[in-house]
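Engineer: For reference, the chains in residue letters:
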Amino acid sequence: MIETLANLDWYPFVLSFELSLITALVLFMTMLPLAWWLSQTNSKLKPVIEAITALPIVLPPSVLGFYILMALSQNSPLGKFFYETFDVSLVFSFTGLVVASVFYSMPFMVQPLQSGFESLNKNMLEASYVSGKGRLETIFRVALPNMKPALLTALIVTFAHTVGEFGVVLMVGGSIPDETKVASVAIYEFVEVMDYTQAHIYSAIMVTISFVTLLGVYIFNRQQRRFL
Amino acid sequence: MINIDVSKKLHGMSGDMLLDVSLEVKEGSFVALAGESGSGKTTLLRILAGLESADGVISVDGEEWLRKGKSTPVQERGIGFVFQDYALFENMSVLENLLYVTNDKALAQHLLALTELTALRNRRPSRLSGGQKQRVALCRALMSRPKLLLMDEPLSALDPAMRTKLQNEILTLHKEFETTTIMVSHDPSEIYRLASEVVVLGEGKVLERGSPKDVLLKTNGSQKFSLEGELLDIVKYDVIYVAIISIGQQLVEVVISASEAKVLELGQSVRVSTKAFSPIVR
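For the protein sequence lines, the chains are A and B, in the order given. Per this note's numbering, the first sequence starts with residue 783, numbered consecutively. Per this note's numbering, the second sequence starts with residue 1430, numbered consecutively.
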C-alpha cells in the first residue's frame, strides 16, 4: 500500500490544479467587468448576455467540447492564426485546455459575482461616487470588500468546477501524459484498464480535497454572516 | 449663488409627471424641500448631485454642472450627500469611512469630536445605533468640504428625542462650515428649526416658497393659535360630540357641535384654532 502511494504519479493532480488556478484567475479578470456591467445595466441586451453565459451549465460537455474543438483546430481561422503567429496549437495542448475550461466554467464565475454586486446597497456605491471616487476604485474598495462571501464562492466554485471537469477536457485535450492528462481523465483511464487500486486512490484524493475546499467556503461564509 | 432650472419626465406611481423646477439658492443658506411623497423632492436632490440625468441648467458659483445635456460627473461636483439609509461603507470603520473621502486626518478628528464620535472611531457601522450612523454619514458628507450639502430625509428613521439632538448638531455644523445646504424633510418643526427657506413641491412643481414662518405657520386673521392634526374619532357623550384629534405626538379631545360632527370625516386632516376672547370691563 505504502509502496503504491510512494510510486503514485502525482502529475495529473498538479495539472488539474494548475489548470484550475489559471482558469479561475483568467475568468476573474475577464468576468469581473462583465458581471459588474450586468449588475448595473438596464440594457435590453442583458437577458441575451445572461443566457449566453449560463449556456455551459445546461449544455452537455460533448457539445461544448465539439464546438471548441472545431473553433480551435488548425483548420479553423482562429486555430490557424494562433499556430502560425505564436506557434501554439490550441487543441491537444495545455493552452487549449485553459481556453476550453474558461468557457466551461464561465457561469460559475459570472453568476456569484453578478448576484453579489446586485445585493449591494446601491446608495453605498453612489456614496462612493459622491466621495469623488471612480468606478474602478468603487469596485475594489467598496463593492468587493462588502461581498466577500460571493467573491470567495465565485473563485472557489470556479476552481473546483474546473478540477471536476471531464468531458470537455477529454475532447479538447485528449490524454497526453504531463500535458493534458488531468486527474479526472487519469481516473477514467485506470477504470478502463481495470486498475481499480489506482482508481480508488485517485478518487479518494479527489473526494477529500473537494470536500475540504467546500467545507472551508461554507465555514467562511457562515462566519462572515455572523459578523454582519 | 446656485441657479437651478431643470426638468425631467418622471414615471411615478400615479402616472407620468413632469418635474419642472426653477430655483435660486443663496450661498450659505439652508433650504428645506418639503412636499408630499412622490412630488419629486428626492429626484430633484439626485439631479443636483448628478446621480440622475435631467434637462436644463444647474450652475453653482458660475460653474456649470448641467447645460445642454452636458453634465459634470458626480465625482467632480464636490458635493456632500447624506442618504436616507446613511449608506455607510460597511467594510470600513467610522474613521475609515471619513478618510475614504479625503485623507485629511485633522478634519476627520475635528468632525468626530464635534459629533461626539471620537470614542467610536474604530467601530464598524454594523455596531452603531441609528443616531450614530446618521452622524457618521453627516461627517462623511462634510469631509470633502463641499460647496453644496444635500440631505435626503436625514433624520426620518430616528425617534423624536434623537431627532432634536441631531437637529442641533446639524445646525452647529452648518454654522461652522457655512455649507449651502438643501435638505428634504417632512417634519415642520425640523424645517422651522434648521432652514432659512422652505420650498414646497407638488406634482413636480414649486408650489410655495418663503421663510419657514410664512410657509409653515397656518395662523392668520384673528386666530391666536392654530394646530393641524388628523381626526381619529368622534365620540358622542349624551348631547355633545367630542372629536379625538392627533396633533404632533399627542392626542387631544375637542368638543364639537352636532352639525360639525356630521360634516367631518374620520381620517381627514383638520385644523384646531381658537380666537382671543378677552372681555374688557371698565
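One or more of the hints may lead you astray.
What the hints assert, rightly or not - The following residues of chain B were derived to be distant from chain A, with all beta-carbon distances above 10 Å:
hint, residue
1, Ser1488
2, Glu1682
3, Val1710
To be verified - In the DSBU-like style, the derived pairs of lysine-lysine whose C-alpha atoms are separated by at most 35 Å in a straight line are:
hint, chain 1, residue 1, chain 2, residue 2
4, A, Lys915, B, Lys1437
5, A, Lys930, B, Lys1497
6, A, Lys828, B, Lys1437
7, B, Lys1562, B, Lys1497
8, A, Lys915, B, Lys1642
9, B, Lys1497, A, Lys915
10, B, Lys1438, A, Lys915
11, A, Lys904, B, Lys1562
12, B, Lys1594, B, Lys1534
Quick caveat, the hints were computed from the structure, so don't treat them as lab data. Quick caveat, the model's predicted, so the values are computed rather than measured. Backbone N, C-alpha and C fix where the C-beta goes; we use that ideal spot for every residue, glycine too.
Engineer: Now tell me if each hint is right for this structure.
Structural biologist: Going down the list of hints, with the structure as the test:
1. A cut-off of 10 Å between C-beta atoms confirms that Ser1488 (chain B) is not in contact with chain A; the least separation is 19 Å.
2. Residue placement check: Glu1682 (chain B) keeps its beta carbon more than 10 Å from all beta carbons of chain A (closest about 43 Å).
3. Even its closest Cβ contact with chain A, about 65 Å, leaves Val1710 (chain B) beyond 10 Å, as expected for a residue assigned away from the interface.
4. The suggested pairing of Lys915 (chain A) with Lys1437 (chain B) holds, with an alpha-carbon distance near 26 Å, which does not exceed 35 Å.
5. Using a Cα cut-off of 35 Å, the hinted pair Lys930 (chain A) and Lys1497 (chain B) is violated, with the two alpha carbons roughly 42 Å apart.
6. With a CA separation close to 26 Å, the supplied pair Lys828 (chain A) and Lys1437 (chain B) stays within the 35 Å bound.
7. At roughly 38 Å between alpha-carbon atoms, Lys1562 (chain B) and Lys1497 (chain B) are farther apart than 35 Å, so this suggested pair is violated.
8. About 40 Å separates the Cα atoms of Lys915 (chain A) and Lys1642 (chain B), which puts this hinted pair outside 35 Å; it is violated.
9. With a CA separation close to 25 Å, the supplied pair Lys1497 (chain B) and Lys915 (chain A) stays within the 35 Å bound.
10. Using a Cα cut-off of 35 Å, the hinted pair Lys1438 (chain B) and Lys915 (chain A) holds, with the two alpha carbons roughly 28 Å apart.
11. In summary, the hint linking Lys904 (chain A) to Lys1562 (chain B) is supported, as the alpha carbons are separated by about 17 Å, within the 35 Å threshold.
12. With a C-alpha separation of about 26 Å, the suggested pair Lys1594 (chain B) and Lys1534 (chain B) falls inside the 35 Å cut-off, and the hint holds.
In terms of the numbered hints stated before, the structure departs from hints 5, 7, 8, listed from lowest to highest.
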